[in-house]
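Top line first, the protein sequences correspond to chains Z and Y.
Just so you know, UniProt numbering puts 180 at position 180 of the first sequence, and the rest follows in order with no gaps.
Just so you know, UniProt numbering puts 151 at position 151 of the second sequence, and the rest follows in order with no gaps.
Please note that a few of the clues may not be correct.
Copies of one chain are not kept apart here, so a pair can be met inside one copy or by any two copies together.
Derived lysine-lysine pairs resembling DSSO-like cross-links, with alpha carbons at most 27 Å apart [what the hints assert, rightly or not]:
no.: 1; residue 1: Lys231; residue 2: Lys104
no.: 2; residue 1: Lys75; residue 2: Lys191
no.: 3; residue 1: Lys369; residue 2: Lys75
no.: 4; residue 1: Lys231; residue 2: Lys369
Since the hints were derived computationally from the structure, they do not count as laboratory data.
There are 2 protein chains.
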Amino acid sequence: MANKTDNTIRRHQVVIIGGGFAGFTAASRLRGAPVDVTLIDRRNFHLFQPLLYQVATGGLSPANIAAPLRGLLGKQANCQVLMEEVTDIDVQNRSVCVFGGELKYDTLVVAAGSRHSYFGHPEWETLAPGLKTIEDATEIRRRVLSAFEAAELSQDASERRRLLNFVIVGAGPTGVELAGALAEIARHSLKEDFRHIDPSDARILLIEAGDRVLSSYPADLSEKGQRALEKLGVTVRTNASVEEITDAMVRLRTEAGKETIPTKTVLWAAGVETSPLAKKLAVATGLELDRAGKIAVDPDLCLAGYPEILVLGDMANCLDKEGKPLPGVAPVAISQGKYAAKLINNRLRNRPTPHFHFNHRGSLATIGKSSAVAELGRFHFSGLFAWLLWLLIHLMNIVTFRNRLLVLLQWGWSYFTHDRSARLITGEKSTSEIAELASPNTP
Amino acid sequence: MANKTDNTIRRHQVVIIGGGFAGFTAASRLRGAPVDVTLIDRRNFHLFQPLLYQVATGGLSPANIAAPLRGLLGKQANCQVLMEEVTDIDVQNRSVCVFGGELKYDTLVVAAGSRHSYFGHPEWETLAPGLKTIEDATEIRRRVLSAFEAAELSQDASERRRLLNFVIVGAGPTGVELAGALAEIARHSLKEDFRHIDPSDARILLIEAGDRVLSSYPADLSEKGQRALEKLGVTVRTNASVEEITDAMVRLRTEAGKETIPTKTVLWAAGVETSPLAKKLAVATGLELDRAGKIAVDPDLCLAGYPEILVLGDMANCLDKEGKPLPGVAPVAISQGKYAAKLINNRLRNRPTPHFHFNHRGSLATIGKSSAVAELGRFHFSGLFAWLLWLLIHLMNIVTFRNRLLVLLQWGWSYFTHDRSARLITGEKSTSEIAELASPNTP
Numbered sequence: 001m002a003n004k005t006d007n008t009i010r011r012h013q014v015v016i017i018g019g020g021f022a023g024f025t026a027a028s029r030l031r032g033a034p035v036d037v038t039l040i041d042r043r044n045f046h047l048f049q050p051l052l053y054q055v056a057t058g059g060l061s062p063a064n065i066a067a068p069l070r071g072l073l074g075k076q077a078n079c080q081v082l083m084e085e086v087t088d089i090d091v092q093n094r095s096v097c098v099f100g101g102e103l104k105y106d107t108l109v110v111a112a113g114s115r116h117s118y119f120g121h122p123e124w125e126t127l128a129p130g131l132k133t134i135e136d137a138t139e140i141r142r143r144v145l146s147a148f149e150a151a152e153l154s155q156d157a158s159e160r161r162r163l164l165n166f167v168i169v170g171a172g173p174t175g176v177e178l179a180g181a182l183a184e185i186a187r188h189s190l191k192e193d194f195r196h197i198d199p200s201d202a203r204i205l206l207i208e209a210g211d212r213v214l215s216s217y218p219a220d221l222s223e224k225g226q227r228a229l230e231k232l233g234v235t236v237r238t239n240a241s242v243e244e245i246t247d248a249m250v251r252l253r254t255e256a257g258k259e260t261i262p263t264k265t266v267l268w269a270a271g272v273e274t275s276p277l278a279k280k281l282a283v284a285t286g287l288e289l290d291r292a293g294k295i296a297v298d299p300d301l302c303l304a305g306y307p308e309i310l311v312l313g314d315m316a317n318c319l320d321k322e323g324k325p326l327p328g329v330a331p332v333a334i335s336q337g338k339y340a341a342k343l344i345n346n347r348l349r350n351r352p353t354p355h356f357h358f359n360h361r362g363s364l365a366t367i368g369k370s371s372a373v374a375e376l377g378r379f380h381f382s383g384l385f386a387w388l389l390w391l392l393i394h395l396m397n398i399v400t401f402r403n404r405l406l407v408l409l410q411w412g413w414s415y416f417t418h419d420r421s422a423r424l425i426t427g428e429k430s431t432s433e434i435a436e437l438a439s440p441n442t443p
Numbered sequence: 001m002a003n004k005t006d007n008t009i010r011r012h013q014v015v016i017i018g019g020g021f022a023g024f025t026a027a028s029r030l031r032g033a034p035v036d037v038t039l040i041d042r043r044n045f046h047l048f049q050p051l052l053y054q055v056a057t058g059g060l061s062p063a064n065i066a067a068p069l070r071g072l073l074g075k076q077a078n079c080q081v082l083m084e085e086v087t088d089i090d091v092q093n094r095s096v097c098v099f100g101g102e103l104k105y106d107t108l109v110v111a112a113g114s115r116h117s118y119f120g121h122p123e124w125e126t127l128a129p130g131l132k133t134i135e136d137a138t139e140i141r142r143r144v145l146s147a148f149e150a151a152e153l154s155q156d157a158s159e160r161r162r163l164l165n166f167v168i169v170g171a172g173p174t175g176v177e178l179a180g181a182l183a184e185i186a187r188h189s190l191k192e193d194f195r196h197i198d199p200s201d202a203r204i205l206l207i208e209a210g211d212r213v214l215s216s217y218p219a220d221l222s223e224k225g226q227r228a229l230e231k232l233g234v235t236v237r238t239n240a241s242v243e244e245i246t247d248a249m250v251r252l253r254t255e256a257g258k259e260t261i262p263t264k265t266v267l268w269a270a271g272v273e274t275s276p277l278a279k280k281l282a283v284a285t286g287l288e289l290d291r292a293g294k295i296a297v298d299p300d301l302c303l304a305g306y307p308e309i310l311v312l313g314d315m316a317n318c319l320d321k322e323g324k325p326l327p328g329v330a331p332v333a334i335s336q337g338k339y340a341a342k343l344i345n346n347r348l349r350n351r352p353t354p355h356f357h358f359n360h361r362g363s364l365a366t367i368g369k370s371s372a373v374a375e376l377g378r379f380h381f382s383g384l385f386a387w388l389l390w391l392l393i394h395l396m397n398i399v400t401f402r403n404r405l406l407v408l409l410q411w412g413w414s415y416f417t418h419d420r421s422a423r424l425i426t427g428e429k430s431t432s433e434i435a436e437l438a439s440p441n442t443p
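Modelling step: build the complete structure from the supplied sequences, incorporating the hints.
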């Protein structure tokens with residue numbers, strides 16, 4: 001595997017694993033630095049994950065929230081992009097193994113992110129897709145829309161009921177946003193679409209094992225969030241954990257006992273675990289992983305004993321001033337990416353760098369149209385103003401100007417028409433699958 | 001399978017198979033007619049196929065050229081949409097068989113379109129994808145972009161050469177448009193993207209068995225088209241037919257003998273055959289199919305002996321005044337859809353309908369950016385004006401206002417920046433496939 005070589009003297013080699021918020025920010029902040037940067041990602045694009053649920057619910061197209069990494073970094077002369085998969089990290093020899101060979105590093109930045117976790121039930125993955133990739137989003141879109149299509153075809157009332165039950169497991173921001181968007185679809189976007197069913201008969205259930213939705217938010221906002229969801233028609237079930245998922249039902253354990261919900265569509269938003277690279281790093285360095293698989297980092301985001309390795313984003317167990325772990329959200333990852341670039345730059349100049357500090361400005365989660373909850377320091381608010389703030393902040397953070405325009409245009413359109421025009425069912429064999437869903441007892 | 005029933009008297013049942021240009025136009029033109037319309041399609045959207053090559057080349061997103069059929073027809077009270085697959089047609093009992101049952105019709109409109117044809121070589125389908133569906137387009141996009149990624153990774157000069165050879169078979173409008181767009185990508189969109197290859201080294205070969213490109217156009221426009229392609233860097237090979245395709249090369253037979261072109265990426269634009277429903281209809285009615293599988297229709301687009309069955313679009317072998325078959329293009333299909341609705345309306349009122357007449361206004365094909373060829377009756381022209389005309393006509397014909405805006409915005413953006421931001425490689429296992437492409441001799 002070729003590191004970038006020319007006839008000049010060998011420069012400091014920075015290898016960055018992952019082109020998400022942390023890795024991409026670190027790479028672009030090293031523009032102009034006296035280093036050669038190699039950014040490795042399995043995908044050829046940077047993904048704006050906070051809006052992935054809008055792809056899953058037919059509001060936006062995948063390309064609206066994804067920007068090709070080569071396009072973003074192509075003009076940065078000291079940076080190359082490798083579309084490759086990291087299979088291992090050799091911390092002794094300071095090299096990264098990929099399918100095509102290995103890459104030497106002087107500084108390694110590991111920011112490979114996380115996948116959803118099924119808490120010891122890997123068999124649930126095909127039954128209840130999570131929402132981390134473009135493929136996840138189009139798969140969820142396919143399942144949700146196919147369930148409505150199958151209900152329209154079905155001759156059987158109880159089967160139709162089952163098809164119109166949608167269960168979302170996990171009431172963090174992703175689960176809440178998915179539930180809100182599904183409720184909007186059922187009540188507004190599909191309003192006039194069918195002849196044999198009324199889409200607003202759809203029942204959207206949001207299941208949460210904890211005692212409140214949006215548990216990372218202050219309690220008053222959780223309450224407001226739950227009320228906003230209920231106003232949209234979402235049924236919220238807290239203190240309910242999933243015991244079993246099949247292709248026809250979900251069984252819950254609640255305070256009142258067990259309960260079976262007939263459904264064909266279960267979406268998973270209940271938890272994440274880090275990339276398997278975290279485990280490999282932990283084994284190689286002897287460092288510990290926390291319960292979610294995050295690796296402990298020093299206050300400068302480096303690994304203890306390996307100052308040349310930085311771990312950022314969802315993979316890092318990074319504590320704030322009060323000793324609480326930082327959440328796995330975009331602002332933390334971006335802030336860490338900036339810090340990593342600064343640290344690398346300072347070290348090359350033999351300058352010290354103060355410890356990483358995350359300046360928590362606030363949290364925002366949207367709940368359907370025109371509603372959101374926001375925590376900005378001591379200020380808690382909800383409703384239209386919070387929603388407008390959410391809109392503005394997300395729009396400004398989308399990476400390319402072109403996508404910002406496209407998203408704005410589509411949001412504006414949807415706002416006034418309730419239309420979600422990206423509601424395409426893609427993938428081969430759609431009709432046979434839908435026919436099977438509609439009449440499960442006939443071949 | 002429920003036909004739409006209420007307590008009113010049974011109305012005339014029109015079943016339309018296919019939601020393409022012909023079928024969708026027929027359905028929407030029957031708005032307000034005293035009939036019940038059922039539109040059956042395997043997909044849940046109407047697709048604007050003329051711009052599919054722009055999805056395949058990363059310029060547009062699938063949802064920009066697709067509009068959900070339920071959204072388009074939801075407000076039309078006398079029309080229902082069935083997302084189903086027609087498995088057979090019983091012309092004696094006047095019913096259509098679908099997975100979920102059967103539907104009775106009084107009038108049947110068959111407009112199920114066509115697929116690409118491999119002329120007796122079905123094994124070429126996986127090696128050389130054609131361009132008829134959204135899935136085809138994203139698959140072509142994946143293959144083209146993956147070839148560049150693999151070339152960037154490859155250590156071997158001849159392998160890199162092979163990866164940067166792109167072969168397009170068939171120089172009709174689709175082949176010409178694909179070749180032009182690929183040349184644009186290689187020379188402009190990817191210009192600064194790579195470090196180990198120069199994308200403009202890519203060789204784009206357009207193979208045509210006939211003696212000129214765009215053979216359905218007047219000879220002077222074929223010549224201008226070929227010159228425009230060559231100016232973009234496309235190598236045009238006429239009088240060359242494909243003898244063999246493998247995953248590493250294409251073998252051609254030319255006037256000068258045989259020739260092998262090493263390549264990993266072959267795209268098929270060489271010909272189409274009608275939906276298998278045409279054959280079923282022919283067997284059931286005793287009517288003949290032409291070489292391309294089109295079924296002969298009477299001058300009123302009905303089948304001889306079966307005046308209650310109309311066949312439209314790519315499936316119909318419909319002759320113009322001079323006895324020449326009409327081409328399988330959108331304007332013909334739209335015109336036939338309008339005629340079908342008029343005929344059905346007139347029959348219900350016992351009014352005669354003059355024979356179908358296609359008013360051929362002209363043909364347009366685009367060749368990369370700022371160039372096109374146009375035939376408008378006696379006027380032939382090419383270059384920027386033809387291209388602007390192409391732009392305008394295509395934009396005006398996209399079905400929804402929202403998509404018109406989105407396409408316009410992206411075209412404007414691309415025009416000034418050469419950017420094709422929808423160049424996403426989607427689908428699982430992208431990196432392992434690319435690593436395999438880059439080093440085919442190692443596992």
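Task: Lys75 and Lys191: within-copy, between-copy, both or neither at 27 Å Cα - done: between (47 Å within a copy, 10 Å between copies)
Open item on the list: Checking an output row: Lys231 and Lys369, CA cutoff 27 Å. Within, between, both or neither?
Closed with: within (12 Å within a copy, 50 Å between copies)
TODO: Using 27 Å as the alpha carbon limit, work out where Lys231 and Lys104 are close: within a copy, between copies, both or neither.
DONE: The answer is neither: 56 Å in one copy and 43 Å across copies each exceed 27 Å.
- [ ] Give the relationship of Lys369 and Lys75 under a CA distance limit of 27 Å: within one copy only, between copies only, both, or neither.
- [x] Between copies, since 23 Å is at most 27 Å while 38 Å is not.
The structure is inconsistent with hint 1 alone, although it conforms to all the rest.
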